[in-house]
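Undergrad: Here is how the chains run, residue by residue.
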Amino acid sequence: MPENNVILSVRHLTASIDGIPILKGVNLEVKAGEIHAIMGRNGSGKSTFSKVLAGHPSYEVTGGEVIYQGQNLLEFEPEERARMGVFLAFQYPIEIPGVSNLEFLRVAYNAKLKQEGKEEIDTFDFEDLVESKLDLVKMDSRFLDRSVNQGFSGGEKKRNEILQMALLEPKLAILDETDSGLDIDALKIVANGVNQLAKPDNAFILITHYQRLLNYIEPDFVHVMQNGQIVTSGGKELALELESRGYDFLDEQVISEVGV
Amino acid sequence: MSATSVKNLVNQPYKYGFITEIESETIPRGLNEDVVRLISAKKNEPEFLLEFRLKAYHQWLKMSEPTWAHVEYPPIDYQNIIYYSAPKQSKAKVNSLDEVDPALIETFEKLGIPLSEQKRLANVAVDAIFDSVSIATTFREKLAEQGVIFCSISEAVKEYPELIKRYLGSVVPIADNYYAALNSAVFSDGSFVYIPEGVTCPMELSTYFRINNGETGQFERTLIVAEAGASVSYLEGCTAPMYDSNQLHAAVVELVALDNAEIKYSTVQNWYAGDENGKGGIYNFVTKRGLCKGVNSKISWTQVETGSAITWKYPSCVLVGDNSVGEFYSIALTNNQQQADTGTKMVHIGRNTRSTIISKGISAGKSQNSYRGLVKIGPKAIGARNYSQCDSMLIGDNAQANTFPYIQVDQPTAKVEHEASTSKIGEDQLFYFAQRGISEEDAVSMLVGGFCQDVLNKLPMEFAAEADKLLSLKLEGTVG
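Residue numbers (our numbering), protein chains in the order written: chain A, 4 to 263; chain B, 216 to 695.
If we strip away everything but chain A, and leave its shape as in the complex, we get:
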């Protein structure tokens, strides 16, 4: 039995896309109050891992299990997972022409309230609520009237993701390369948002290629993914080691481990 404070427990997870195996046995345990970083080369499977957790329909889970707060997460539809508190900040947030950001956020927020058996929030109260969160990501209220992500700069899109996260208050937030394509100011805003949202009862998984983000968000654990598996785990110092030595040093390490 997992301990009460375990939010996510992944065992031997395998998944493929179009019949090609990508995840080849991922193990990971995330407890409340923890921040985990998953690093790895492009194509190592880390983005796939985030999409499989969120239930992207293109990926097929071929084995293993994912227990989220005591429930088999894989049994739930993507929208149900979202309403249960699993949040994915997208690497490439999708543009939605014709749908205002405010409307999108309101419908999403009401879906969550409904799940929790609460009454829907009215438009005016909702506007007040959103306004109160804007400062966290240094966004102007004009963003609310624009179509979701349409014509947003890279940095604005990522900040919009953090705004959604602040509003939906997920139990488990997965940030898929949220740092990619950000200038240093935007990176700081995003990191500050995450730091303020991290609470003892929620957890974060940061998926990143570079150590840079981890200068601003201090992870409790760093995992390295390679060829669809987590091949090594450690504390935040592992990220620094990767930064200085590059991913190549892992190859040697893995080979030597296998050799033993």
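These are computed hints drawn from the structure, not numbers from a lab. Every value quoted in this text rests on a predicted model; they were computed, and no experiment measured them. Check before you lean on any hint, since a few could be wrong.
As the list claims (entries may be wrong) - If you anchor each label on the Cβ, the simulated ranges turn out as follows:
#: 1; chain 1: B; residue 1: Glu632; chain 2: A; residue 2: Asn30; range: 55 to 65 Å
#: 2; chain 1: A; residue 1: Tyr219; chain 2: B; residue 2: Asn613; range: 46 to 56 Å
#: 3; chain 1: A; residue 1: Gly184; chain 2: B; residue 2: Asn617; range: 34 to 44 Å
Backbone N, C-alpha and C fix where the C-beta goes; we use that ideal spot for every residue, glycine too.
Got chain A; can you put chain B on it based on the hints?
TA: Okay, now just chain B, sitting in the frame of chain A:
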């Protein structure tokens, strides 16, 4: 949102597909000169109209069906269609609503069109047309106080023959096209609107068309005349029961706007579209044209086309008066096996004439949705301007969207702009919604609503919400 859950989404059944059990008076199938004479006789028409019909019939015989549209269907047997069907009434002429068969009143109530005094929409006058005849026209007296005429075209022929003689066929000549000629020969009923000089029509006018009989073609004829300085907003709605066989609907609508007059014509078309395998449904082959005859006149077409197995329809504006304005705002939604070839013609003849075309095509299922539009600037149309925007949205992988714009400019000072875009509701977009807890139905409805916003805004307020809801219903279960 997995493949299975998509399949589980129930396709909303067509809720207007019921049949009214009512005794009808129908004439034998087929079309010949005697049938044309019979229709005219049944309606006690004056001689000039019979001549109009016969001329059209003989013209029709010489013509052939147009084949250029991007639609496919088996040949239509014109001799297998019933050209006149009317519910039997105890009296030849119905003087008040109390004398109308309750089954008919009930039919329209079921369709959401209450005709009885107490339940009417407060600010909308309705002409209700059932198969070949007009059943009732509401608010006639109130409109008459301002000199506005709103009645069935059959009555207008008798009561206002001079107006009919002057304007019928003046915008769409009988030889205009195959279906217009057919309509001119056999049209049974429709609405007539006349707004006198300087009058702004005090309420929305609306005609509701209902096909009930399974083998009847519907050939309605609408004529709207706005005198100098007059203005009117008119809306038509259409539904039909579900039959396995295809039915022909070939209407003609003519609009005339004199100096400084304005006509806004809106359509919410929801004819039965056939089942998901393409069996049954209405062939909607319609000619609609507005003539901006006077200076500064304006004609605006807004259409939400969601029904019919096949749609062939190009509401157009002929801009004769200097500074006149033509507008066309369209949403055409096709699903399953539906085919639509629809658009507009803007013909600029006068100086400084302006036209705007905004077309939104949404194709789901295995449907085909084509925009076809002509912008023609004549040699005398100095300073004419056109702006066209044609956007297509594809839902799923099996639908088709086409755009066929024709631009013909014979005046060097004219400015013509054309923009087009194609987008697709894809898996990634829906996944983004789902990841924020938003269901697929809500996502599609928000996406389509957003896509159509520019056009929905143009509908009269009473109908915009209705149209939005209709679009969502039509799209349930289309993604997968």
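Undergrad: Indicate, hint by hint, whether the structure satisfies it.
TA: Structure-based check of each hint:
1. B:Glu632 <-> A:Asn30: 55 to 65 Å: Holds: the Cβ-Cβ distance is about 59 Å, inside 55 to 65 Å.
2. A:Tyr219 <-> B:Asn613: 46 to 56 Å: For Tyr219 (chain A) and Asn613 (chain B) the Cβ distance comes to about 47 Å; the hint holds.
3. A:Gly184 <-> B:Asn617: 34 to 44 Å: Hint holds: Cβ distance 37 Å, inside 34 to 44 Å.
Going through the hint list in order, the structure satisfies each hint without exception.
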